[in-house]
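K.L.:
Starting from the known structure of chain P, arrange chains U, E and V with the ligands on it as the hints suggest.
Residue numbers (numbering that gives the first Met the number 0), protein chains in the order written: chain P, 0 to 126; chain U, 0 to 126; chain E, 0 to 411; chain V, 0 to 411.
Among the clues, some could well be false.
[Stated by the list, open to error] For lysine to aspartate or glutamate, the following EDC-like pairs were computed, each having C-alpha atoms within a straight-line distance of at most 16 Å:
1) E:K403 / U:D3
2) V:K138 / E:E137
3) U:K113 / V:D269
[As the list claims (entries may be wrong)] Residues from chain V that keep clear of chain P, each with C-beta distances beyond 12 Å, as calculated:
4) V7
5) I16
6) Q69
7) L133
8) G186
9) G195
Rather than coming from a laboratory, the hints here were simulated on the basis of the structure. It should be emphasised that the depicted structure is a prediction, and the values quoted were computed from it without experimental measurement. The C-beta atom is built at its ideal place from N, Cα and C for all residues, glycine as well.
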Amino acid sequence: MSDDLYRELILDHYRHPSNFGHLKAPTGKYRDSNSNCGDVIQMEVRVENGKIEDVMFTGVGCAVCIASASLLTENVKGKNVEKVLEMGEPDVLALLGLKSITPERAKCAMLPLKVLKMSLLQEQKQA
Amino acid sequence: MSDDLYRELILDHYRHPSNFGHLKAPTGKYRDSNSNCGDVIQMEVRVENGKIEDVMFTGVGCAVCIASASLLTENVKGKNVEKVLEMGEPDVLALLGLKSITPERAKCAMLPLKVLKMSLLQEQKQA
Amino acid sequence: MVETSENVQKIRRDFPIFSRLENGKRLVYLDSAATSQRPVQVINAVRRFYEQMNSNVHRGLYEMSEEATQAYEDARSNIASFIGAKPEELVFTRNATEALNLVAYSWGRANVREGDVIVTTEMEHHSNFLPWKLLATEKNAKLEVVKITDEGLLDEDSLDEKLKLGPKIVAFTHASNVLGTINDAKGIAKRVKDAGAICVLDGAQSVPHMPVSVKEIGCDFMAFSGHKMLGPMGIGGLYGRYELLEAMPPFLTGGEMIKEVHIGEVNWNDVPYKFEAGTPNVEGAIGLSEAVNYLRSLGMDWVRSHEKELTAYALSLMVKESSVQVYGPLDVEKRGGVISFNVDGVHAHDVAQILDTEGIAIRSGHHCAMPVMDRYGIPAAARASFYIYNDKEDVEALIKGIEKVKRVFSVE
Amino acid sequence: MVETSENVQKIRRDFPIFSRLENGKRLVYLDSAATSQRPVQVINAVRRFYEQMNSNVHRGLYEMSEEATQAYEDARSNIASFIGAKPEELVFTRNATEALNLVAYSWGRANVREGDVIVTTEMEHHSNFLPWKLLATEKNAKLEVVKITDEGLLDEDSLDEKLKLGPKIVAFTHASNVLGTINDAKGIAKRVKDAGAICVLDGAQSVPHMPVSVKEIGCDFMAFSGHKMLGPMGIGGLYGRYELLEAMPPFLTGGEMIKEVHIGEVNWNDVPYKFEAGTPNVEGAIGLSEAVNYLRSLGMDWVRSHEKELTAYALSLMVKESSVQVYGPLDVEKRGGVISFNVDGVHAHDVAQILDTEGIAIRSGHHCAMPVMDRYGIPAAARASFYIYNDKEDVEALIKGIEKVKRVFSVE
Ligand SMILES: Cc1ncc(COP(=O)(O)O)c(C=O)c1O
Ligand SMILES: Cc1ncc(COP(=O)(O)O)c(C=O)c1O
Numbered sequence: 000m001s002d003d004l005y006r007e008l009i010l011d012h013y014r015h016p017s018n019f020g021h022l023k024a025p026t027g028k029y030r031d032s033n034s035n036c037g038d039v040i041q042m043e044v045r046v047e048n049g050k051i052e053d054v055m056f057t058g059v060g061c062a063v064c065i066a067s068a069s070l071l072t073e074n075v076k077g078k079n080v081e082k083v084l085e086m087g088e089p090d091v092l093a094l095l096g097l098k099s100i101t102p103e104r105a106k107c108a109m110l111p112l113k114v115l116k117m118s119l120l121q122e123q124k125q126a
Numbered sequence: 000m001s002d003d004l005y006r007e008l009i010l011d012h013y014r015h016p017s018n019f020g021h022l023k024a025p026t027g028k029y030r031d032s033n034s035n036c037g038d039v040i041q042m043e044v045r046v047e048n049g050k051i052e053d054v055m056f057t058g059v060g061c062a063v064c065i066a067s068a069s070l071l072t073e074n075v076k077g078k079n080v081e082k083v084l085e086m087g088e089p090d091v092l093a094l095l096g097l098k099s100i101t102p103e104r105a106k107c108a109m110l111p112l113k114v115l116k117m118s119l120l121q122e123q124k125q126a
Numbered sequence: 000m001v002e003t004s005e006n007v008q009k010i011r012r013d014f015p016i017f018s019r020l021e022n023g024k025r026l027v028y029l030d031s032a033a034t035s036q037r038p039v040q041v042i043n044a045v046r047r048f049y050e051q052m053n054s055n056v057h058r059g060l061y062e063m064s065e066e067a068t069q070a071y072e073d074a075r076s077n078i079a080s081f082i083g084a085k086p087e088e089l090v091f092t093r094n095a096t097e098a099l100n101l102v103a104y105s106w107g108r109a110n111v112r113e114g115d116v117i118v119t120t121e122m123e124h125h126s127n128f129l130p131w132k133l134l135a136t137e138k139n140a141k142l143e144v145v146k147i148t149d150e151g152l153l154d155e156d157s158l159d160e161k162l163k164l165g166p167k168i169v170a171f172t173h174a175s176n177v178l179g180t181i182n183d184a185k186g187i188a189k190r191v192k193d194a195g196a197i198c199v200l201d202g203a204q205s206v207p208h209m210p211v212s213v214k215e216i217g218c219d220f221m222a223f224s225g226h227k228m229l230g231p232m233g234i235g236g237l238y239g240r241y242e243l244l245e246a247m248p249p250f251l252t253g254g255e256m257i258k259e260v261h262i263g264e265v266n267w268n269d270v271p272y273k274f275e276a277g278t279p280n281v282e283g284a285i286g287l288s289e290a291v292n293y294l295r296s297l298g299m300d301w302v303r304s305h306e307k308e309l310t311a312y313a314l315s316l317m318v319k320e321s322s323v324q325v326y327g328p329l330d331v332e333k334r335g336g337v338i339s340f341n342v343d344g345v346h347a348h349d350v351a352q353i354l355d356t357e358g359i360a361i362r363s364g365h366h367c368a369m370p371v372m373d374r375y376g377i378p379a380a381a382r383a384s385f386y387i388y389n390d391k392e393d394v395e396a397l398i399k400g401i402e403k404v405k406r407v408f409s410v411e
Numbered sequence: 000m001v002e003t004s005e006n007v008q009k010i011r012r013d014f015p016i017f018s019r020l021e022n023g024k025r026l027v028y029l030d031s032a033a034t035s036q037r038p039v040q041v042i043n044a045v046r047r048f049y050e051q052m053n054s055n056v057h058r059g060l061y062e063m064s065e066e067a068t069q070a071y072e073d074a075r076s077n078i079a080s081f082i083g084a085k086p087e088e089l090v091f092t093r094n095a096t097e098a099l100n101l102v103a104y105s106w107g108r109a110n111v112r113e114g115d116v117i118v119t120t121e122m123e124h125h126s127n128f129l130p131w132k133l134l135a136t137e138k139n140a141k142l143e144v145v146k147i148t149d150e151g152l153l154d155e156d157s158l159d160e161k162l163k164l165g166p167k168i169v170a171f172t173h174a175s176n177v178l179g180t181i182n183d184a185k186g187i188a189k190r191v192k193d194a195g196a197i198c199v200l201d202g203a204q205s206v207p208h209m210p211v212s213v214k215e216i217g218c219d220f221m222a223f224s225g226h227k228m229l230g231p232m233g234i235g236g237l238y239g240r241y242e243l244l245e246a247m248p249p250f251l252t253g254g255e256m257i258k259e260v261h262i263g264e265v266n267w268n269d270v271p272y273k274f275e276a277g278t279p280n281v282e283g284a285i286g287l288s289e290a291v292n293y294l295r296s297l298g299m300d301w302v303r304s305h306e307k308e309l310t311a312y313a314l315s316l317m318v319k320e321s322s323v324q325v326y327g328p329l330d331v332e333k334r335g336g337v338i339s340f341n342v343d344g345v346h347a348h349d350v351a352q353i354l355d356t357e358g359i360a361i362r363s364g365h366h367c368a369m370p371v372m373d374r375y376g377i378p379a380a381a382r383a384s385f386y387i388y389n390d391k392e393d394v395e396a397l398i399k400g401i402e403k404v405k406r407v408f409s410v411e
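If we strip away everything but chain P, and leave its shape as in the complex, we get:
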């Protein structure tokens, strides 16, 4: 299974992540880390009329974590906030092209979605 993790899709997004950087005028922003591993992800979103207009991320992490953030940000742009809040592990695995993942690596893969959701919730609270 492990060898699967390092296919071109993931390695490409790790080396050249999409949407890496900061947003000009984010409406929501959140940062979190995985305990015991050192992965840190920050998401910045701009939501307009319940839609994700733009999203960017920064952070450090392993290939799975960074690729997940990169693929996720590509995927959610233009989506309704509700739809994104409904996303879960199967969606992230599908984006990564993985059938399954071990629990420790799942934490890496899922951190970006977790942080994204929190940034959206924060956005809503402020609105």
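P.N.:
Coordinates of chains U, E and V with the ligands only, in the frame set by chain P:
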């Protein structure tokens, strides 16, 4: 071995302990207990010119503990304080007529000597 | 009756200890309230961990460490469900004592102020008494102690009186390790909550012996020990209501319980990890989970009714002996399988020692419950306690042993 | 060389885990700094306890309980002598983390006042950092952190500077779990004592790997963990100088740690029992004692020199790789068998994961030492660590594994 503990000598001294009660004018007094078992012994001594003139005890305890206190007080009356401070487990076992004893029961048997020594040390501190 | 005994024979075969001879005699183990024995299933689970996946948890990416982490978290879910809790509400501790101290240090230090009232009872084990006493002393709070009746039940009036003082915390035991008394945890918890206090339950003597659900009871915290319920030593648990655990400051600090530490700044980890500092006792958790499976396979209702039967039988024989004093309620609906007693004129140590010569293991002393001893004006008591591997033969051996005590000490 | 490898083959046969396949490959276990493996001698000692004398300690008068008590206290004496301490100076704890917290809570709360200085270092595991940080915050004391050099040694000037502040406590690690650095514990302890402070040593990474004597070192407290030295999880120890332990208030309260409790009055038990509240991990202590016997039979000098040899070999190969960054001193006289490293452009997780596909178990992450990570400006590192059952073949497997990492990530 255990059956040994309940020979007549010990049972007699348990039922009718010698020197049980309080001294009129003790020069030293000490009380201690065994953790986790509920044995409590108090010793009161009167020392004159480095000699134990009189000693009495009070307390509650098992047959071994009470018999040990009873036999010990009988034994030390008139003895030099130094001699008593030198006494140890073999002396107590000899008084009880026992060849050996398990560690838990040793705590019961040795409590009276331990308390007696402390009462003597206290006496000396005050003198 | 016969059915029960066959059951017990079958159970005993799972416990290697019963092939031991005690002083050359068949071991009659009547000290499960101190610690239970372990079935081969638990022993093997611990050994399997050592031999097949021993590694540290939560931090390893290699296969073996993932397996260990999974096994550790599966154990948490399994044990949590056994007491009616969610996995994230179960903190692993060394034993019930540490669990109770955790509440006193963390919740207590953060919430108790000068002049506040903390309530405990005369029936408590030192582990559910001293942490509150120290907390009270440190905070200049008042420790109020609910009385017990002569029969050995919590005194309802005394409880009411203490609740009227508006306490911050009420800590009480589900089942007494001396009197056997089983308190109506659910009813008391409701009254405690109505009085606005936090309800801390000591489940050390109930979780091993009867169905217990924290959700059903409605307490805020509950402590228990693995070694009293067929599990290994060195592992126990604290149930805490999620919102409370969330809001509490950590207790021990170190590895595993943080998200980020920089010299200037610290972020604590999520519940329950926030309370599990350092390398946990992984093999202990796995062993305890196996113990829970074993108990589940018997059914906690069976465990309770089996012990009730043995207790009723033992009490019926013991009350006939005029020179034997039995403490605690005589109604087996109100009590568990713990019987404390004294033989007139004989110290409890001597009772235990003489029973040992017959291969019978009981406990003697104050059972870490000196306030109970004070209440009955006795320095010590002998205590026999039953569990799943005991049967009527064991009860009869106990009664015969007491006869020997009386002979040796010439008690009428 | 050949001699060593034969020794290792012999040792490995004592460890059942090595018959496991990791991802279908021979297990190359390079994560002993996280937790060590257990030899069959330890596994059997624990099982024997369960099967033959499992019972609670210190409170039973029956034969089996006396045996358990004896075994528990023998374990204490044996482990104490292994670290150059007297039995009454060894308190059993769950792990090193709890031991360090005990000192911070008990000695710390009783002795540290507002404005006092507490010193720790940039090199510490969170377990020897957070308890002091919390203590400082609670008491409004100042936490001062000794710097480390680029090479990964304690900065002597920085240490001097902090000692001049007249600290109450100086806590430092004997061996770093990230950099491998071995500090001159004896020399530093003397300077700490001369400065009038209490000296707390974290021995978690030294006691398993080299001869350590607290008497020789002259520290006041030392913490260590059983699971890192071939023993079970859930058991560790705190050495404390007798006079200090005597004078300290208890930490956890409950059963076993008192002499008398009445509602109004409490007398604490003697040292070390005063600090062991509740049912201890008896089987853990017995298992750890057997682990100590195993280490003693190898000789701690052999252990140290064996690891030195492996470390030197590994370092000599790793420094040749320009894309591999190794942290900590390169001189094996100054370091133990822990090697942290990063491969350029590859996150440590990915290094660990790819090595796992080759059956090699290493750790990755911040190793519960985020201040060290901050010091080197890295979010994480991969870490390989050696113990008695590793040999040069394992080192070569590691190097080959790193080659694979570079291939997968196309690192030059
Ligand atoms: C240097 C150091 N100190 C303390 C600890 C904490 O040990 P434990 O988790 O067993 O409490 C560790 C373990 O990782 C360590 O390496
Ligand atoms: C009622 C009760 N509470 C708490 C405890 C403490 O359990 P442990 O020693 O496992 O912490 C006991 C054990 O004797 C007990 O009987």
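K.L.:
Does each hint fit the structure? Answer for all of them.
P.N.:
Hints, one by one, checked against the model:
1. E:K403 / U:D3: holds, 14 Å
2. V:K138 / E:E137: holds, 15 Å
3. U:K113 / V:D269: holds, 14 Å
4. V7: holds, 27 Å
5. I16: holds, 20 Å
6. Q69: For Q69 (chain V), whose nearest Cβ neighbour in chain P is about 40 Å away, the distance exceeds 12 Å, so it holds.
7. L133: With a cut-off of 12 Å, L133 (chain V) remains clear of chain P, as the shortest Cβ separation is near 18 Å.
8. G186: About 33 Å separates G186 (chain V) from the closest Cβ of chain P, which puts it past 12 Å; holds.
9. G195: holds, 37 Å
Every hint from the earlier list agrees with this structure, and none is contradicted.
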